[in-house]
Amino acid sequence: MTNPLRKITILLVVAMVPLGASDPAATESEPQNACVLEYQRADNMWAPEGVPSGALGVENITVQAGQTRLFITDWQYEKKRNDGSNYYGSHLRLATGRGSPTRLHVKTGPGSLDHKWVTLARGMRESFQGDLMEVNCPKT
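Numbering-wise (our numbering), the sequence shown opens with residue 77 and increments by one.
Take these hints with a grain of salt, some might be off.
Said to hold, decoys possible - Mimicking DMTMM-like on lysine to aspartate or glutamate, the simulated pairs with C-alpha atoms at most 20 Å apart in a straight line are:
#1 Lys192 <-> Glu202
#2 Lys155 <-> Glu210
#3 Lys156 <-> Asp190
Claimed, not checked - Label pairs and their computed distance ranges (CB to CB):
#4 Gly199 <-> Gln152: 13 to 23 Å
#5 Asp190 <-> Trp122: 17 to 27 Å
#6 Arg157 <-> Arg201: 28 to 38 Å
#7 Val127 <-> Lys156: 15 to 25 Å
#8 Lys215 <-> Ala123: 12 to 22 Å
Calculated from the structure, these hints are not laboratory results.
Just so it is clear, the structure is predicted and the values come from calculations on it, not from any experiment.
Ideal placement from N, C-alpha and C gives every residue a C-beta, glycine not left out.
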């Protein structure tokens, strides 16, 4: 039996992805005001906080100022790496800011419906045990 909340989450992500993407080519460059996030995920929900899975490696995303990128958090994709157009956020364990201050929306704790926003400045690193739902780059 599938979890109805999971279906709702997927539908919201699919419906919301186009909102922040005005120019897909713009995310490839890294101007001074872009937010760059380096992050690592685990391939299962049981991995401890701050301990990513080596198989997924380090993933990066660049988000332009004033834009938001939403992540697919359905666990059926937990062992897939991002491919540049699909971003998977299940089981976030480490995140490091590499550009302008970056806002992360994270579902905290395994099985939890609690959410929190975290802002990472350049060079700031944070450990998690939750799902990365979205990355926002505020206008400066």
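Which of the numbered hints are not met once you compare them with the structure shown?
3, 4, 6, 8
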